[in-house]
Amino acid sequence: MSMFSSRSWREYPQRYRMEASRFKKSGKTYYPPRDIDPETGDTAQEIVRLPDTGKIVTYTVIRVAPSQWGDLSPYALAIVELTDGTRMMGQMTDVDVEEVKIGMEVRLEFRRIQTESHEGVLSYGHKFVPNWF
Amino acid sequence: MRDVYVVGVGMSKFGEVWRRSLRQLFVDAASTAIKDSGVDHLDSLYVGCMSSGMFVQQEHISALCADYLGMAGIPATRVESACASGGISFRQAFLEVGSGVSDIVMAAGVEKMTDVDGDGATAALAGAADQEYEVFHGATFPGLYAMMAHAHMAKYGTTSEMLAAVAVKNHHNGSMNPVAQYPFEITVEGVLNSVMVADPLHILDCSPITDGAAAVIVTSEEVGKKLGKPCIKVLGSGLATDSMALAQRADLTTIKAATIAADRAFKMAGKKLSDVQFAEVHDCFTIAELMVLESIGLYEPGKAGPAAQAGETALDGKFPINPSGGLKSKGHPVGATGVAQVVEIYKQLTGQAEGGRQIPGSPKIGMAHNMGGSGASSVVHIMEVA
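Protein sequence lines correspond, in order, to chains A and B.
Counted from 1, the first sequence has number 19 at position 20 by numbering that gives the first Met the number 0; the numbering is strictly sequential.
Counted from 1, the second sequence has number 307 at position 308 by numbering that gives the first Met the number 0; the numbering is strictly sequential.
There's no promise every hint is true.
[Said to hold, decoys possible] The list that follows gives simulated cross-link-like pairs (lysine-lysine, PhoX-like), each with its CA atoms no further than 25 angstroms apart: (1) B:Lys228 / A:Lys27; (2) A:Lys100 / A:Lys54; (3) B:Lys34 / B:Lys302; (4) A:Lys54 / A:Lys27; (5) B:Lys363 / B:Lys266; (6) B:Lys154 / B:Lys34; (7) B:Lys225 / B:Lys363; (8) B:Lys232 / B:Lys270; (9) B:Lys302 / A:Lys100; (10) B:Lys154 / B:Lys255; (11) A:Lys54 / B:Lys266; (12) A:Lys100 / B:Lys154; (13) B:Lys154 / A:Lys54; (14) B:Lys363 / B:Lys228; (15) B:Lys271 / B:Lys225.
[Said to hold, decoys possible] Heads up, incomplete: computed chain A residues facing chain B, CB under 7 angstroms, no partners named: (16) Pro65; (17) Trp68; (18) Arg86.
[Said to hold, decoys possible] A few chain A positions that, by computed beta-carbon distances, are all more than 10 angstroms from chain B: (19) Glu10; (20) Lys24; (21) Ser25; (22) Ile35; (23) Thr57; (24) Asp93; (25) Glu108; (26) Phe109; (27) Val128.
No wet-lab data here; the hints were simulated from the structure.
Don't be surprised by glycine CBs; every beta carbon is placed ideally from N, CA and C.
The following block holds chain A by itself, in its conformation from the complex:
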């Protein structure tokens, strides 16, 4: 599916640089960035860079994947809570899927996500790897 590259590049700040919104009034951080704090309605915010380590809150192993992801299947998909409390979804990589567990310590790395996407260009972003080192 070919679409304008604007759909890709407007996501760069949050996908490539892990930028998030921190609202002045509540001090809460949201990823992806938002214009309005859902708790307070506040719009005054600063852009912050998220920490790059956290823990798995929950996960699954996708064993029946759409053909677009077929070369990676089976792959583990996780929701990770970073050290600042922010949560995000992403794929696990550089790990045997059978070893993925709730509570596992992970680190974010910058990886290729899709070889073909809505934008028709290579898409990059974060993946999680076990933080064993």
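Since the structure of chain A is provided, determine the placement of chain B on it from the hints.
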């Protein structure tokens, strides 16, 4: 708001219905509902449909459906809220009649899902999740519910056997439903030995891809009583929303929008859960049925799984859930599902459920819960025999 009734219902066959198109499926259900109710016209039409654009490249189906029903000219509105499109179509008809604007409104739902291959269906359904922050990373719908299932298992000790008990129960009910897609019995071992789709969900924990349509006729009390057909009264309606992406929810083991929607519906109805005798709930995956029953307050968190194993939610249990067979066995044409739930509530309350699946003891009040995506929208209706 004035009282609102349901006076007639219709469904197409659910399944891989290759000989019928989207518009024909709609007409099958809609003309059955019109005949069943005895109405001679419609003041307006609502059609719930999630993604005709991605499934058959057809938008603007409100007008198309009115046209092929032979009623071009009437007001017609398409409603979309992913898999909750049908339930919200019914809610809009309820509000339109309740407000006094119209006396006779059809609430319908339709989805034609098998004109595309598996990848096409997966891509269309993925639109109900967050494209940029979930689907972008390789999330699928079984995968999203699987992540909730793992969280629920870790927190409450829920097991794959408990999940399987839900599928076995719903297939038993669906085996008696003449329009069900998969009207056959399955076993716990069969579920556990079926292909793993997304850990811990097996293929038999998942509802299928389905073609189908459902329609109900919603009227004022005056019109409903004049028709002289069996009718039910809609006591309350509740709709609620939540964060779209799972990562943004504080608790992954509960469906907050279902809790809020049920509270709103009960408040409007002036009833409590203990006044209700049975429910149709959104079992798109087995874990969803357990989480919804806990979210609406039927069970304490973590207790719905053991209750399913003990037979409490079976047809002859103390609170039957999904007597129709649910999405699991009856099938899940996403836009039609919420309306099909209302069809089952109507049949059960008026004593017309076929095939031996009529709930014993003439239930008086039933409840329908329909959910969009991974739970970012939920709609609940409470209905009483009239």
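Now the hints, each set against the structure:
{"no.": "1", "hint": "B:Lys228 / A:Lys27", "result": "violated (56 angstroms)"}
{"no.": "2", "hint": "A:Lys100 / A:Lys54", "result": "holds (10 angstroms)"}
{"no.": "3", "hint": "B:Lys34 / B:Lys302", "result": "violated (43 angstroms)"}
{"no.": "4", "hint": "A:Lys54 / A:Lys27", "result": "holds (19 angstroms)"}
{"no.": "5", "hint": "B:Lys363 / B:Lys266", "result": "holds (18 angstroms)"}
{"no.": "6", "hint": "B:Lys154 / B:Lys34", "result": "violated (50 angstroms)"}
{"no.": "7", "hint": "B:Lys225 / B:Lys363", "result": "holds (22 angstroms)"}
{"no.": "8", "hint": "B:Lys232 / B:Lys270", "result": "holds (13 angstroms)"}
{"no.": "9", "hint": "B:Lys302 / A:Lys100", "result": "holds (24 angstroms)"}
{"no.": "10", "hint": "B:Lys154 / B:Lys255", "result": "holds (17 angstroms)"}
{"no.": "11", "hint": "A:Lys54 / B:Lys266", "result": "violated (40 angstroms)"}
{"no.": "12", "hint": "A:Lys100 / B:Lys154", "result": "holds (14 angstroms)"}
{"no.": "13", "hint": "B:Lys154 / A:Lys54", "result": "holds (16 angstroms)"}
{"no.": "14", "hint": "B:Lys363 / B:Lys228", "result": "holds (17 angstroms)"}
{"no.": "15", "hint": "B:Lys271 / B:Lys225", "result": "violated (30 angstroms)"}
{"no.": "16", "hint": "Pro65", "result": "holds (5 angstroms)"}
{"no.": "17", "hint": "Trp68", "result": "holds (5 angstroms)"}
{"no.": "18", "hint": "Arg86", "result": "holds (4 angstroms)"}
{"no.": "19", "hint": "Glu10", "result": "violated (6 angstroms)"}
{"no.": "20", "hint": "Lys24", "result": "holds (19 angstroms)"}
{"no.": "21", "hint": "Ser25", "result": "holds (14 angstroms)"}
{"no.": "22", "hint": "Ile35", "result": "holds (13 angstroms)"}
{"no.": "23", "hint": "Thr57", "result": "violated (4 angstroms)"}
{"no.": "24", "hint": "Asp93", "result": "holds (16 angstroms)"}
{"no.": "25", "hint": "Glu108", "result": "holds (13 angstroms)"}
{"no.": "26", "hint": "Phe109", "result": "holds (14 angstroms)"}
{"no.": "27", "hint": "Val128", "result": "holds (14 angstroms)"}
In summary, the numbered hints that this structure violates are 1, 3, 6, 11, 15, 19 and 23.
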